[in-house]
Amino acid sequence: MATTLRNLKLAEAVSEPAEKVAERKYPWLHNLRELAADLVSDRVALVGAIGFVLVVLLAAAAPVIADQYTKQNLRLRLSPPMLTVEGEFNYHFILGTDQLGRPILDRIIHGSRVSLLVGLGVVAVTGLFGTVLGLLAGYFGGTVDTIIMRWVDIQTAFPGLLVALTLLIMLGPSLQNMMIALMINGWMIFARIVRGVTLSLREEVFVKAARVIGAGDLRIIFIHLLPNLVSPILTIAVMELARIILAEAALSFLGMGIQPPEASWGLMLSDGRDYMAKAWWLVTFPGLAIGLSVLFIQMVAGWLRSVTDPQQRFKKASKEA
Amino acid sequence: MVGYLLRRLFYALISIAAVSVLVFVITRVIGDPVKLMLPLEATEEQRNQMRETLGFNDPLLVQFARFSADAVRGDFGNSLWQRVPALPLVLDRLPATFLLAFAAMALAVVFAVPLGVLAALRPRSWLDHFCSLGSLVGMCVASNWLGLMLILIFAVNLGWFFTSGYGTWKHLVLPAVTLAAAPLGRITQIVRSSVLDELGRNYVTAARARGLAESTVIMGHALKNAAIPIVTLSGWELSRLLAGFTVIVEVVFGWPGVGLLAMDAIRRQDLPLLQADVFVVGVLVVALNLLIDMTYGWFDPRIRYT
Numbered sequence: 001m002a003t004t005l006r007n008l009k010l011a012e013a014v015s016e017p018a019e020k021v022a023e024r025k026y027p028w029l030h031n032l033r034e035l036a037a038d039l040v041s042d043r044v045a046l047v048g049a050i051g052f053v054l055v056v057l058l059a060a061a062a063p064v065i066a067d068q069y070t071k072q073n074l075r076l077r078l079s080p081p082m083l084t085v086e087g088e089f090n091y092h093f094i095l096g097t098d099q100l101g102r103p104i105l106d107r108i109i110h111g112s113r114v115s116l117l118v119g120l121g122v123v124a125v126t127g128l129f130g131t132v133l134g135l136l137a138g139y140f141g142g143t144v145d146t147i148i149m150r151w152v153d154i155q156t157a158f159p160g161l162l163v164a165l166t167l168l169i170m171l172g173p174s175l176q177n178m179m180i181a182l183m184i185n186g187w188m189i190f191a192r193i194v195r196g197v198t199l200s201l202r203e204e205v206f207v208k209a210a211r212v213i214g215a216g217d218l219r220i221i222f223i224h225l226l227p228n229l230v231s232p233i234l235t236i237a238v239m240e241l242a243r244i245i246l247a248e249a250a251l252s253f254l255g256m257g258i259q260p261p262e263a264s265w266g267l268m269l270s271d272g273r274d275y276m277a278k279a280w281w282l283v284t285f286p287g288l289a290i291g292l293s294v295l296f297i298q299m300v301a302g303w304l305r306s307v308t309d310p311q312q313r314f315k316k317a318s319k320e321a
Numbered sequence: 001m002v003g004y005l006l007r008r009l010f011y012a013l014i015s016i017a018a019v020s021v022l023v024f025v026i027t028r029v030i031g032d033p034v035k036l037m038l039p040l041e042a043t044e045e046q047r048n049q050m051r052e053t054l055g056f057n058d059p060l061l062v063q064f065a066r067f068s069a070d071a072v073r074g075d076f077g078n079s080l081w082q083r084v085p086a087l088p089l090v091l092d093r094l095p096a097t098f099l100l101a102f103a104a105m106a107l108a109v110v111f112a113v114p115l116g117v118l119a120a121l122r123p124r125s126w127l128d129h130f131c132s133l134g135s136l137v138g139m140c141v142a143s144n145w146l147g148l149m150l151i152l153i154f155a156v157n158l159g160w161f162f163t164s165g166y167g168t169w170k171h172l173v174l175p176a177v178t179l180a181a182a183p184l185g186r187i188t189q190i191v192r193s194s195v196l197d198e199l200g201r202n203y204v205t206a207a208r209a210r211g212l213a214e215s216t217v218i219m220g221h222a223l224k225n226a227a228i229p230i231v232t233l234s235g236w237e238l239s240r241l242l243a244g245f246t247v248i249v250e251v252v253f254g255w256p257g258v259g260l261l262a263m264d265a266i267r268r269q270d271l272p273l274l275q276a277d278v279f280v281v282g283v284l285v286v287a288l289n290l291l292i293d294m295t296y297g298w299f300d301p302r303i304r305y306t
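Each protein sequence line maps, in turn, to chains A and B. Every letter in the first sequence is one number past the one before it in this note's numbering, and letter 102, counting from 1, is 102. Every letter in the second sequence is one number past the one before it in this note's numbering, and letter 251, counting from 1, is 251.
It is worth saying that the hints were derived from the structure and are not from the lab. It cannot be assumed that every hint is accurate.
[What the hints assert, rightly or not] Rough simulated footprint, nothing fancy, chain A against chain B, three-plus residues with beta-carbon under 8 Å: (1) 79-85; (2) 104-114; (3) 142-154; (4) 220-229; (5) 233-244; (6) 260-269.
A virtual CB, placed ideally from N, CA and C, is assigned to each residue, including glycine.
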């Protein structure tokens, strides 16, 4: 009995748990696990993360829970928030109806799909493009660096919104074209930050070691450098997500995004504007939806910034001590 | 110093050239200007005729040479809507946009600096928490929504200000407050963190040891040294306002600046006017960035221009 127990313990000591092995093989997985643990201990960030997950879940469930978003009901037009319709409880109308009698709640939930689609889609593309350019600039340096960073500088000086509007009026306003316009404008910050981190990583011992054993440039960039860039990229991506959601609301407010009868938060603001004086709920609730979603994302972003920035991390630790 | 200036000026010119190339590519190569300028029922023959008269049938390079030669001379063609040269129309609207943007920035800085300093003096006090919460909310709120809410409360219900228009200070208050919300939040944060940084340094301890009044230590020493990030961020915020955020606020409040003009040009499919508008705003933003770079040395003589 005793020997079997000892053998078991020995076996445990010899064979590491699977997750440890995975962490050793993929350092970024370890980073993410640490991040997750830290997230739970930070209350503000946790609230933000839970709120954001809720927004995502609502958006995913929209076809089921918000199926009346284009259903017009002129008898109920501009009804204030109410719990019951014709004597029966009906949650669709708790935020009131718009000028065509469509339930505001359903339209807000459908609007979140547009915001998330645009936000995540645009950030995925700009993040990828900016990261690759930043890696190239930081790793190769010299002329490559000069050309890429000059390009970044020039494009940063563009009047972004006006260029986007010009592009949209030429291509015709639509969801897809709005995403293209936002993508063209959003990659520079990724390139700039990734280049900065790559510049400092390039001189690290592990990069030299990889080169000594004969790893090629591409292998060093994507296998050795990229995993170390996961947390700064994640931080900017979350901040950009918040920015893009606000930009989407602004562009659809100007009529340059998704077209009626589809619903988007910015579109609801511009639709409700004419009826605002007698029906405050038309603009109030979509705006709150924008503000809350962006707030949730910013709460997560603020925390990510504090964990991934070594300087801030040091401050946090010294405060706690 | 002169070499640095010239180099920065050169890059600024490249940026402006890049903006015009982009506008050219968007309006002539990606889109079809004739389709935009003629009514839908125009025949193919009429379209071709217009292309011929406006020179859109020439090779792209020839068109581009003509476009840039005209742009350099400030000639963007006549506005299709008002039938007068487009550039003066845009320049006429500049003062209104300047007034709005500067009023908003003044408002933001005037509130952000004291709030940030007070928050830095008492970290983790209720005022500090209030400031961080307030700036977070300021950054998260959509400016078009904030504008509409302010109109609803202060113009429609209370009747203190006007819903839209231009002229008196009463017209200016609501749009300036709307535009100031986001920069106010970000500047408060940067004032707080940079003053907090400076307060921990040796020269502050030394100044206190010499018996200087606390107000002199903070205003004369710490704040002065914290100025660089604050000024940089404020300038950058101003260029952000001009590059886009004024458009939204001008549309919400019917404020007759370059942003509202751009939206009118879009609504009336007035391409020359839109091009002139984008070009003017582009020049403005580039010039502002150049100016921000120039101010570094004034605030911190240690920075040498090489």
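Hints and how they fare:
Counting residues of the region 79-85 of chain B whose C-beta lies closer than 8 Å to any C-beta of chain A gives 0; at least three are required, and the coverage claim is violated. Interface restraint, the region 104-114 of chain B with chain A: violated (0 residues with C-beta to C-beta distance below 8 Å; minimum three). A stretch counts as covered by a chain when three or more of its residues have a beta carbon under 8 Å from one of that chain; for the region 142-154 of chain B and chain A the count is 9, and the coverage holds. Check result for the region 220-229 of chain B against chain A: violated, 0 residues qualifying (beta carbon to beta carbon below 8 Å, three or more required).
Closer than 8 Å: that is the beta-carbon criterion, and the region 233-244 of chain B has 3 residues meeting it against chain A, so the requirement of 3 holds. Restraint check on the region 260-269 of chain B versus chain A: 4 residues with Cβ-Cβ distances below 8 Å, three needed, restraint holds.
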